[in-house]
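Undergrad: These protein sequence lines are chains A and B, in that order.
Heads up: take any position in the first sequence, counting from 1, add 16, and you land on the working numbering.
Heads up: take any position in the second sequence, counting from 1, add 282, and you land on the working numbering.
Please keep in mind that the hints were generated in silico from the structure rather than gathered at the bench.
It is possible that part of the hints are untrue.
Said to hold, decoys possible - Per label pair, the in silico range of CB-to-CB distance:
id : chain 1 : residue 1 : chain 2 : residue 2 : range
1  : A       : LYS219    : B       : ARG419    : 45 to 51 Å
2  : A       : HIS196    : B       : PRO584    : 55 to 61 Å
3  : A       : PHE134    : B       : VAL597    : 21 to 27 Å
4  : A       : PHE22     : B       : LEU473    : 20 to 26 Å
5  : A       : PHE134    : B       : ARG593    : 20 to 26 Å
6  : B       : ARG593    : A       : LYS219    : 55 to 61 Å
Beta carbons are placed, not taken as given, at the ideal position from N, Cα and C, and that holds for glycine.
For reference, the chains in residue letters:
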Amino acid sequence: MRTRQFLKPRTVSRDVDQLVDALPKHNIGTQGYDPWGLNPDTAKITFTAVRWLYEHYFRVQARGLENVPGEGRLLIIGNHSGQLPMDGLMVGYSVASRKENARLPRSMIERWFPSVPFLGNWMNSVGGVIGDPKNCAKMLQREEAIVVFPEGVRGSGKPYRLRYQLQRFGHGFMHLAMEHNTPIVPVGIVGCEETMPSLVNIKPLARMLGTPYFPLAPLVPLPARVFLNFGKPMHFADDARNERDVEWRVESVKDAIRELVDTGIAQRKSIF
Amino acid sequence: MSESREPDNNSAPHNPESGAGNEVQAPTRRKSPARRASGRAPGSRAKTTQGIGSEKRGKVLVTGAAGGLAQHVIAMLKEHYDVVGVEFRGLQTDYPDTVDYVVDFNTRPFEDVFREHGFTAIIHLGRIRFTQSTRNRRYSANVVGTTRLLRLALKYGVEKVVAMSTFHVYGADARNPSLIDEEYPMRAANLMPEVVDAVELENLFNIHLYKHPELNITILRPCNIAGPGINNQISQMLEQPVAPCLVGFSPLMQFIHVEDMATAIVQSFEQNHPGVYNVAPDDYVAYQDALQLAGCRRLFLPSVPPALARRAMRVLGRYGPPDYMIDFFKYAVVIDGALFARTFDFVPQHALSELLGHYRAQK
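Next up, chain A with everything else stripped away, as it sits in the complex (with noise of 0.2 Å):
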C-alpha cells in the first residue's frame, strides 16, 4: 500500500490516470480490490510503462476492435507465444485504451504464478486470474471479458521453429462459453513470437526451478513490432451433443484465429 502511494505520484501520467478511473469498475471493494485482486492503482503504475511498451517500443497495431463488445461477458480467444505473457497485456491493454467502450479484460495466467514471490501479487493486481474453470465461471457470472489463450505452456513456451504453429487447443474455454452462453471473439497475435525467440527449452533447469519451461532466450524482449486482429464475436449453443462436438466447435475458433494470424503476417512488413 504504502509502495503504491509512493510510486503513483512519481510515476503515473494524467492520461493513465483518467484511462484506468474512466474503466468499469463494478466488482472492486471498498479497499481498492476486486475478488481476483485486481486494483486499480496498482494498474496505474503498470499501465504507465505497458503504454510505453504498447506504443513505442513494440508499436503494436490493432484492428477490429470494434468487434469487442463494451459490457457483458466475453472471452477473447488468442494464440499464445513470446515465453513471457506479453500477448495478454498487449491484448488487454488494447481494449483498455480504446477511445470508446473501453474495458479491462482479464487474462488468465498458468498456475505457477502465484507461487512465485511478487509475481503472483502483481499480475493479480493487474488483471491476471490463474486459469482454473471455476475462477472463468465466476468471472462470467460477473459479466467481466477474459483474454484466454487455450494453448496454454504448449503456446507460449514453444521454440521459435514452430513460430505462428498453433498448438493443441484445451477445451475449457469452449464449455464455459456455451455453458454461461458467452460469445468469443478471437484473436490473432503476431510478433510476440520474435520478442523472445527461444531455441530450445532447457527442460532439467525447468524441472529444478519448478516452472513449465526455461527458454534458451534473450534476457529480455526484443522490440518486434506487434499486430493484433480481432475477429467477429462467434456465438455456441449449449447443444453439444458430445466431446467430439466440442472439439469441431474449438476447431473453428482455432481457424478463425489461424486466418487472423495469417492476415497479421500480411500486414506486417518489418519484423522490427
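Fit chain B to the supplied structure of chain A, relying on the hints for placement.
TA: Same frame as chain A, now just chain B:
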C-alpha cells in the same frame, strides 16, 4: 443468559468431580464445572422464566460460550430465547457470565445438561482452534466431542443445529480459484494434515445433515472473524504493534466483523435453511494492506525457500501463525458468501475500514 433464568446446584452434572478423567476437567482450571451460581430447585426454573420466547420458542444450547463470538450471539438470542451456555475448553480460570456449564462433551455429565433442559436447538460454536492445544487434543475435543453432541441432539429431539466451521477447510494453495463456493472440495486435509480435525468436523456434520434431516443442520464456514472481543490468530496479529508477513506475498483476505457474524448465526438459526454456507462480505483487502490499516508495522520474513519461511515463523512463536498455517499468508483463500447472503437476506453492517480501524485505535 436470560436474567430470569436461575441456575440450580443440586443436580448431578453440577458436581465438579463428576466428569473427571480428562485433562480438560482438571479442577484447578475450572471456575466451576457446573452451573455458575446456586439458585432454586430444578424443575421450578422453566415456570418462572420470563422473556418473549423462553417457553414458546424453546431453549437453546450454545457451546463455546466463553468465546467472544458466542458472547455476542448469546446477547442477541437472550432477548427472545432461553439460552444455556456451555464451555468445554478448560483454558480459563474465570469465565464470563455467558457460561452456565463447564463440562467436557466426552464425559457423562454432559448428557445431564440435555436431560435437565430439553433443548430445541443447538448453536455449536465451541471448537478448539488450530493454534490451541495439540493435534490429538483438538481431534478429541472437536471431532469426538461433537459426535457425542450430535448423538445427544438426536436422542433428546433437538430440532435445529447451527454449526461453525471455518474457511480454512478449503486449504491454502497457489492454485485456489477466487470466490470459492460451497461445492469446492475441502482440500485442507490433503494440504495441511494438522487441520484435519476441522475437515472431519465438517464431514461429521455433513453426514448428519443428510442422514438425520430432522436435526436441520446449518453449517457455516466464515472467513476471518475479527473485532472487539475476538481472540483468534488473525485478531491477535492485528492487535500486535508488529506483525509478520512474507516477502513478496500479500494474499487477498476477507474479514467479517464479530457483530455481523453473530447476526449471521442468529439469522441462520431463526430461518431454517439447512445446508452448508460460506459467510463472507463481498469486500477484500490484501494482507499487508490490512496490517497497515490496522496500524501494524510489518516484520518481513523470508518466503523462499519454504523451509526457511517455516523456520522463521517457528522462531516467532505466538507472535505469528503456526508454521503449518503459513500458506494462508501466502495464497489467497477468497470465499463466495453470495449463497448465504441470498438465502438468509444477510447484509454485513460493518465496513472493512471500521473493522481494521478498531485495531488501529488500540495502538
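Undergrad: For each hint, tell me whether it holds in the structure or not.
TA: Here is what the structure says about each hint:
1. Roughly 47 Å separates the CB atoms of LYS219 (chain A) and ARG419 (chain B), a value that falls within the hinted 45 to 51 Å.
2. The hint said 55 to 61 Å for the Cβ distance between HIS196 (chain A) and PRO584 (chain B), and at roughly 42 Å that hint is violated.
3. At about 23 Å, the beta-carbon gap between PHE134 (chain A) and VAL597 (chain B) stays in the expected band of 21 to 27 Å.
4. For PHE22 (chain A) and LEU473 (chain B), the hinted distance range of 20 to 26 Å is not satisfied, since their beta carbons lie about 36 Å from each other.
5. Checking the proposed 20 to 26 Å range against PHE134 (chain A) and ARG593 (chain B) shows it holds: the Cβ atoms sit about 21 Å from each other.
6. For the pair ARG593 (chain B) and LYS219 (chain A), the beta carbons lie near 31 Å from each other, so the given range of 55 to 61 Å is not met.
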